[in-house]
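> Respectively, the protein sequence lines represent chains Z and Y.
Here this note's numbering is used: position 94 in the first sequence is 94, and no number is missing along the way.
Here this note's numbering is used: position 165 in the second sequence is 165, and no number is missing along the way.
Some hints here could point you the wrong way.
Heads up, the list lumps identical chains together, so a pair's fine if it works in one copy or across two of them.
What the hints assert, rightly or not - Cross-link-like lysine-lysine pairs, in silico, DSS-like; alpha carbons within 30 Å at most:
no. : residue 1 : residue 2
1   : K117      : K182
2   : K116      : K32
3   : K75       : K125
4   : K174      : K105
5   : K191      : K25
6   : K20       : K125
7   : K89       : K125
8   : K125      : K23
9   : K125      : K32
10  : K182      : K116
Keep in mind that the hints were calculated from the coordinates and are not lab data.
Since this is a predicted model, take the numbers as computed values, not measurements.
Protein chains: 2
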Amino acid sequence: NVGVARAEIKQGVREVNMMKNAKEKKIGIALKAVDKGIFVAFVWQDSPAAMAGLRFGDQVLAINDEPVAGWSSDKALKAIKKAPDAHVKLAVRDRPFERTVTVVKDSENHIGFLFKKGTITHLVKDTSAARNGLLINHQLIEINGQNIVGLKDEDVLKIIQESPRSVTITIMPKFIYDHMIKSIGFGSLKKYMDHGIPEI
Amino acid sequence: NVGVARAEIKQGVREVNMMKNAKEKKIGIALKAVDKGIFVAFVWQDSPAAMAGLRFGDQVLAINDEPVAGWSSDKALKAIKKAPDAHVKLAVRDRPFERTVTVVKDSENHIGFLFKKGTITHLVKDTSAARNGLLINHQLIEINGQNIVGLKDEDVLKIIQESPRSVTITIMPKFIYDHMIKSIGFGSLKKYMDHGIPEI
Numbered sequence: 001n002v003g004v005a006r007a008e009i010k011q012g013v014r015e016v017n018m019m020k021n022a023k024e025k026k027i028g029i030a031l032k033a034v035d036k037g038i039f040v041a042f043v044w045q046d047s048p049a050a051m052a053g054l055r056f057g058d059q060v061l062a063i064n065d066e067p068v069a070g071w072s073s074d075k076a077l078k079a080i081k082k083a084p085d086a087h088v089k090l091a092v093r094d095r096p097f098e099r100t101v102t103v104v105k106d107s108e109n110h111i112g113f114l115f116k117k118g119t120i121t122h123l124v125k126d127t128s129a130a131r132n133g134l135l136i137n138h139q140l141i142e143i144n145g146q147n148i149v150g151l152k153d154e155d156v157l158k159i160i161q162e163s164p165r166s167v168t169i170t171i172m173p174k175f176i177y178d179h180m181i182k183s184i185g186f187g188s189l190k191k192y193m194d195h196g197i198p199e200i
Numbered sequence: 001n002v003g004v005a006r007a008e009i010k011q012g013v014r015e016v017n018m019m020k021n022a023k024e025k026k027i028g029i030a031l032k033a034v035d036k037g038i039f040v041a042f043v044w045q046d047s048p049a050a051m052a053g054l055r056f057g058d059q060v061l062a063i064n065d066e067p068v069a070g071w072s073s074d075k076a077l078k079a080i081k082k083a084p085d086a087h088v089k090l091a092v093r094d095r096p097f098e099r100t101v102t103v104v105k106d107s108e109n110h111i112g113f114l115f116k117k118g119t120i121t122h123l124v125k126d127t128s129a130a131r132n133g134l135l136i137n138h139q140l141i142e143i144n145g146q147n148i149v150g151l152k153d154e155d156v157l158k159i160i161q162e163s164p165r166s167v168t169i170t171i172m173p174k175f176i177y178d179h180m181i182k183s184i185g186f187g188s189l190k191k192y193m194d195h196g197i198p199e200i
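Just chain Z, same shape as in the assembly (with noise of 0.2 Å):
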């Protein structure tokens, strides 16, 4: 299954190389402290982030060797700023604070629960969504492995109805997604958001 695949959070630390885009000297991310941690909150669309593979939800824990548990957000996004252009080393943890559900949309491609602004509110009865445990009070992150923050609910949906009938979906308490996003001008900046098809 592909959606699967692309979706999947895989365990342990990987290593992401990336050089800053010619015109800004960028690499494309917001970063947001949580908990003496630094997550990725944001991944702009054509970035050489984006390109990378970085996604929302990922956890920094160094840049370029240096481990930055415990620094601000501030402090990381000067660390980036002052590593070299040509040489931006992260160590990444795959998306720490989500998880996958898969779920089968029942004949009338329906998906089994409702959601506003990206938060799960309601589980239909008698629905593969119920049956497999997903919860309300969660917030939809990715589907089938693509990064939906920031779009509205009906293009959220529309991906939902275009998909496969097997969905998987990738979700995050919302507190912690409330958080995340919390202070890093989203409002304004979620239509820049990368919103691609992984590679796999």
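Go by the hints and put chain Y onto chain Z.
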């Protein structure tokens, strides 16, 4: 690594079959409704549930084939009481709110973080815990797969000290943990909590 294997959170849904114990006609769990899901909030030591490998944090999806999404904890408990003594079948998702981080103790046998009442409160700079992205405001649930919920901090520390150098920690955001143990009379129950070492 045995600790990693014992702690591993498995994907998918498993079926757990139990008989109630002869004396009290119980399987030995407490349940808690969270976000329209039903979760195992307590496992009685030496109970049928402990023997069958149920763990704190497991999500119960169905009781004798009846889906439980949206049920209250009382309703779920009643369904177990109503089930035949010789045949309690649960569909279970493995600890969805938890994740594992493996850290290595330093040469002085230190783990690299401080905790109070099981909640991680500080990360120590330049330790494997900090480098591996452990987070504060998270609750310790298991050490090398062994449940430590309800144990005193000094007893948890002893388990960590006696562990091999590589220690796998299972954690859950503290606000979810607090919610899960709320209102189940946990204070009086915790001395009966199953702290057995899981089979692999």
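> Evaluate each hint against the coordinates.
Each hint, compared with the structure:
Taking the shortest Cα distances, K117 and K182 sit within 30 Å of each other both inside one copy (15 Å) and across copies (29 Å). For a Cα distance limit of 30 Å, the shortest separation of K116 from K32 qualifies both inside one copy, at 24 Å, and across copies, at 25 Å. In this assembly of identical chains, the alpha carbons of K75 and K125 lie at most 30 Å apart only when taken from different copies (16 Å versus 47 Å within one copy). In this assembly of identical chains, the alpha carbons of K174 and K105 lie at most 30 Å apart only when taken from the same copy (23 Å versus 33 Å across copies).
Taking identical chains as interchangeable, the C-alpha atoms of K191 and K25 lie at most 30 Å apart only when both belong to the same chain, with a minimum of 21 Å there against 58 Å between chains. In this homomeric assembly, K20 and K125 come within 30 Å of each other (Cα to Cα) only across copies, at 29 Å, whereas the closest approach inside a single copy is 49 Å. For the identical chains of this complex, K89 and K125 are inter-copy neighbours only, at 20 Å across copies versus 47 Å inside a copy, given an alpha-carbon limit of 30 Å. Taking CA atoms no more than 30 Å apart as the test, K125 paired with K23 passes in neither setting, with 52 Å inside one copy and 36 Å between copies.
Only between protomers do K125 and K32 lie at most 30 Å apart by alpha-carbon distance; the minimum there is 19 Å, versus 37 Å within a single protomer. For the homomeric pair K182 and K116, the shortest alpha-carbon distances inside one copy (18 Å) and between copies (28 Å) are both at most 30 Å.
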